[in-house]
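Colleague: Sequences and hints are given; from them, build the entire structure.
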Amino acid sequence: MTSAADSPRPRAAVFDVDGTLVDTNYLHAVCWWEAFHQAGHRVAMTDIHHTVGMGSGRLLDRLLGEDRDHDGDESLNAAHKSLYATWFDRLPVLDGAAALLRALADRDWRIVLATSAQGSELAALRRAIGADDAILGATSADDVDASKPAPEPVEQALREADVPPARALFVGDTVWDVEAARKAGVGCVALLSGGIGRAELEEAGAIAVYRDPAALLAGLDDSPFARMERAG
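Just so we're aligned, residue 1 is where the sequence shown starts under the numbering used here, counting upward by one.
Hints may contain errors.
Computed spacing ranges between beta-carbons, pair by pair [claimed, not checked]: (1) Asp47 with Leu192: 17 to 23 Å; (2) Arg227 with Gly40: 18 to 24 Å; (3) Leu192 with Asp89: 36 to 42 Å; (4) Glu66 with Gly232: 44 to 50 Å; (5) Asp106 with Pro164: 19 to 25 Å.
It is worth saying that the hints were derived from the structure and are not from the lab. All residues carry an ideal CB built from backbone N, CA and C; glycine is no exception.
Modeller: Right, here's the structure in full:
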């Protein structure tokens, strides 16, 4: 049987991680809120939530303004990382996440993660998912110059998979995921598990929307993945 790694016409399934495979978006929002609070910034939780999925530089630009004093950025980032690290041993994987990755790998999809997480955070997320046997590789903030909604994370993941955009799909949970995929020429299947509404995701360009990984897994045979498989 030909494996996904050596298929003559490979396909790639690129996955965001936070909010898509692991239920962490609200944890990030709370940790950023506390980091801002410690630094004397008043930032609404809803505004923080809608920036989750961006790299930290873009997140700070959006929430504090590009003309802010950047001298405090390093301490804000450090505070967020320290607060979030307290959750590393109890990150809640979303229902169906590991089974979805394995099901797609079994159907000869090359699975690559595309996330702004890096280092020990990415390692903790992968432990929580528990499906490294199905994952070909992962790209992080260390591998690109610009974070989502820039297309670079998706483009780097496609290079990792050695697959062209036309034979790939991206799965994410934020409008930044959808925009990054669109700019990279990749269709985006969106999940509601990150807390962003269906209308926002569809308006951004999502080609299909599911509640969570379990719902996508249950509907896999009628999904954009199956349609791409049938197209050859």
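Colleague: Now tell me if each hint is right for this structure.
Modeller: Structure-based check of each hint:
1. A beta carbon spacing of about 20 Å between aspartate 47 and leucine 192 agrees with the range 17 to 23 Å that was offered as a hint.
2. Arginine 227 and glycine 40 have their C-beta atoms about 51 Å apart, which leaves the hinted 18 to 24 Å range violated.
3. A C-beta distance of roughly 27 Å is found between leucine 192 and aspartate 89, which places it outside the suggested range of 36 to 42 Å.
4. As the Cβ distance of glutamate 66 to glycine 232 is approximately 46 Å, the hint placing it in 44 to 50 Å holds.
5. A C-beta distance of roughly 22 Å is found between aspartate 106 and proline 164, which places it inside the suggested range of 19 to 25 Å.
Taken one by one, the earlier hints fail for this structure at numbers 2 and 3, listed in ascending order.
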